[in-house]
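**Q** Below, each chain spelled out in residue letters.
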Amino acid sequence: MAAFQIVVLGSVVPDPLQTLEPVATPQGPALKNEAMLPHVLDPWAGHALFEAAHLATRAPGSKVTLLALGPRQKLQQVMMAVAQKVPFELVALDGPAGGFTDAHEVAARLAQAVEKLPGLDRGRLLLFGGWESASRGAGVTLQMVGERLGIPDQFFGVDQLSVVEGGGLEILERVEGGKHQVSVCAGPPAVLGWATGNLPEPKNNPQLGMANMRGVMPALQKAAAAPVGQGGVKFESVAVPRATRETRIEKDLSADQIAREILEWISQD
Amino acid sequence: MTFEGVTRPSMDVDIACVGFGPATAGFLVTLSRRLADPSRPPLESRAAPGMPLQVVCYERADDVGFGVSGVVTRARAIRAAFPDLDPAKIPMATLVSEERMLYLLDPTGASRRSVTLRAADRTLRAFHRVEDHAFELPFTPAFLRKHDGIVFSIGQLLQWVAAEVMATGVVQIWPGTPVGEALLEGRAVRGVRLLDQGVDRQGRPGAGFAPGMDVKAALTVVADGPVGAVGRQLDEALGMPAGHGRREWAVGMKVVLDLPADTPLAAGTVLHTFGFPEPEIFGFLYVHPGRVASAGIFVPSWFDSPTRTSYRYLQHFLQHPALWRLLKGARLRSWGAKSILESGRRGEPLLCGEGFARIGEGSGSTNVLNSSGVDEAFATGVQLGEGVIGLLEGGHPFTLEHLERAYVARRRESWVEREGQVAEKARHGFQRGVVTGLVGMALSGFSGGRMSLGNEPPHPAEQIGSVEGFYAGKISALEIARIRADCERRGVPLHDALMDRAGWPSIPLDGQVLVSQQDALLLGGKVQAPAGYADHVVFLDPELCRGCGKRVCVEICSAEAIRPGDAGTPTFDREKCVHCGACLWSCPTRLPGQERVNLQFRAGAGGLHSAEN
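First to last, the sequence lines map onto chains A and B.
Every position in the first sequence, counted from 1, becomes a number in the numbering used here once 499 is added.
Every position in the second sequence, counted from 1, becomes a number in the numbering used here once 745 is added.
Hints listed in this document are in silico derivations from the structure and should not be mistaken for laboratory results.
Here the structure is a predicted model, which is why all the values come from computation and not from measurement.
Please note: incorrect hints may appear among the correct ones.
Over 12 Å on every C-beta distance to chain B, these chain A residues come out as not near it, computed from the model [said to hold, decoys possible]:
1. 639
2. 653
3. 680
4. 733
For lysine-lysine, the following DSS-like pairs were computed, each having C-alpha atoms within a straight-line distance of at most 27 Å [what the hints assert, rightly or not]:
5. A/733 with A/531
6. A/721 with B/834
7. B/1295 with B/1219
8. A/562 with A/721
9. A/531 with B/1073
10. A/615 with A/562
11. A/615 with A/733
12. A/702 with A/562
13. B/961 with A/702
14. A/531 with B/834
Heads up, the beta-carbon is just placed ideally off N, CA and C, and yes, glycines get one too.
Please build the complete structure, drawing on both the sequences and the hints.
**A** Now the structure itself:
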């Protein structure tokens, strides 16, 4: 199998376990106490990164680059958790990564950064990312990056990628109704927006972590400022999905009654 | 655990640190500045010749700053390390603006108070103006005062320090990577073994098995706190210094709250409380910037109730009129719990040996008179850092003798040691009761440690009384037996039924501050555990559990992770555990002839997912 140049686009999002609350700031909407919220690599991008590393092991000579646009300090923190998972090279852009940054601007910066990657071979380029983001489910950034780079073959909701004889790509894409569709393209370049994929989260490998960090820290130190959020986009209003939580104390409810209540609850729209 | 036919990977580094808390923060700040200083000769790695010194730190929690506690501290060592420290740059940090000490009287009539205390309460109410059932002490004793200090969220402080340290690029901190044990060769430590991944609850290899790596290091810095697995392994293998032991503990449980918009509390306000919900339970309220407060309690090992539920007591504490008038309308942001080693310098283990050194709370640095531990822990890290730099520059190996000279001697000459000696016996009087304990603390404090009350405390397992004894005069033994049988049948802990019966009011859950314990886990602690790790709480001999009769582990469990089991042995749910370790020192069943108890608290993964604590 010929080697690929796999570029994974992914950044940080607040740890999904946290309680989020939008607030208005002079710079536009933001999350309350955003600086204090623990962050993780966007889970969707995480799937893409793990799939990229898996593909790279099957196609010797392949290179995985994680291109991340986010606050440098948060990126540094998140890399401490990610760098032990799979081998990759980091290219960092220092800028805001919240759900309120304009996808159009982010895509422009990311596309520019991809074009500037040293030794970029568009003929072997696979652009990976999440099919959406945990900070905003619009799922458009990756598509716009692909358009800016002139890559017409784009696949979203990807759960599996196989390289077929002749170098073509066979892709399992999620479609409506909980089904998959098999798509085929001639080969790279292609854009793949990953759903969950089929791989378990890789185990921590300290040796790998140390090797990755030798490149990660210099990459963070030379992260260029990414001017996003300055395009004049105005948000009329923002909201996060309302978390509904109702607690009541029941001391003598039987298992049957509890089961009936759960059934009623999940039967609601 | 060893597995036949399994090749365990290994790698070599120069320095491996176990745990990233305040002590390791102090150590790595000191060391990383030296390593990154271009004006001084580079320090070369012996583990990887030709490379710079290889320094790694493994932290159990899923991120740095998860699962530690908020604090008010004089921050002497922290300020010395960061002379231009601006609290405004660290989220939730602010200078102390006001410090008060409140004695909380019992507004419920349910608190267990001695005759002496009841008489004192009556006198107070008769001769003093007592507002909201609280009496403000006219002054805070000098040895407790933190008026020149800083209110921190330790989680946020550690995240800030970790960012500073990592940005130098010369050391690496790896969260989500628990260390299982030290690699011991005789009395020497040769590095650490990371926990096995891809195992079942019993630690047997399963899908994706990845044996924990052996990380060999010339120096292992053990800073995994008082209930850390590596520190306790060394205590067991190498023994404690003569006359030293870990006898006194407490679990601190707290909430972080968004205060109401009209709160009268100014940032930097510090309240210390004692007297309620039980006289043995101390409390605190610290106000951070931005209308955020930390409030919580300490439940000590010398509180002799076997049904010592931290969570229910915390809820009663928050509802005390003197606090509730400030907290009503607040909203829960975060919640957590942590064990505190209250033996202070008497709990100091061997501070170093061939290839290892110990720093931080697990090294006995906490000052139990001043109620101060974070700054002391940070100071011990700085002291080790300075010592290690000297040894590296001199080309000296990390032997017992060299570490004694470079680190322990430095520590002995410091304020941490001087003040630790003053505090050494300050808590002994509490074994005879709260009033005696307070008198003992005052004696120690005002006499500079020359006077104290009481003797060396017994093993914590022997400090726990009987349920019948604790509720004597309130609930008959017959009724306790009936309640016990009923709770047994329902598979629930005893404490709620007993406290209800003893007159404690029920908790009016409001979904804001007063939430169920499971909601505190989900909304406040965001607790979770990654798959593929073994259970870290294990009951060694089920027969001993069946004969226990007290099951203090079930009652005190901060997260309801330990529950009554069908066959008399408690069950453990790893996904709820916050790793506070209170079960470890609350287990009343000692193994025959050993310091160890039947409940094993091993290295584990996961826990709190909040960095605001």
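**Q** A separate judgement is required for each hint: does it hold in the structure or not?
**A** Hints, one by one, checked against the model:
Interface exclusion of residue 639 of chain A from chain B stands, the closest Cβ pair being 29 Å apart, more than 12 Å. Even its closest Cβ contact with chain B, about 32 Å, leaves residue 653 of chain A beyond 12 Å, as expected for a residue assigned away from the interface. For residue 680 of chain A, the requirement that its beta carbon stay farther than 12 Å from each beta carbon of chain B is met, with the minimum near 29 Å. For residue 733 of chain A, the non-interface assignment is confirmed: its Cβ lies about 26 Å from the closest Cβ of chain B, beyond the 12 Å cut-off.
Between residue 733 of chain A and residue 531 of chain A the CA atoms are separated by roughly 19 Å; this keeps the pair inside 27 Å, and the hint holds. For the hint linking residue 721 of chain A to residue 834 of chain B, the alpha-carbon distance of about 23 Å falls within 27 Å, and the restraint holds. A distance of roughly 19 Å separates the Cα atoms of residue 1295 of chain B and residue 1219 of chain B; the hinted pair therefore holds under the 27 Å criterion. Using a Cα cut-off of 27 Å, the hinted pair residue 562 of chain A and residue 721 of chain A holds, with the two alpha carbons roughly 20 Å apart.
For the suggested pair residue 531 of chain A and residue 1073 of chain B, the alpha carbons sit about 21 Å apart, so the restraint of at most 27 Å is met. At most 27 Å may separate the alpha-carbon atoms for a hinted pair to count; residue 615 of chain A and residue 562 of chain A meet this at roughly 16 Å. Distance restraint check for residue 615 of chain A and residue 733 of chain A: the Cα-Cα separation of roughly 30 Å exceeds the 27 Å cut-off, and the hinted pair is therefore not satisfied. Annotation: proposed proximity of residue 702 of chain A to residue 562 of chain A holds, straight-line Cα distance about 20 Å (limit 27 Å).
Taking the CA atoms of residue 961 of chain B and residue 702 of chain A, the gap is near 20 Å; set against the 27 Å cutoff, the hint holds. Taking the CA atoms of residue 531 of chain A and residue 834 of chain B, the gap is near 17 Å; set against the 27 Å cutoff, the hint holds.
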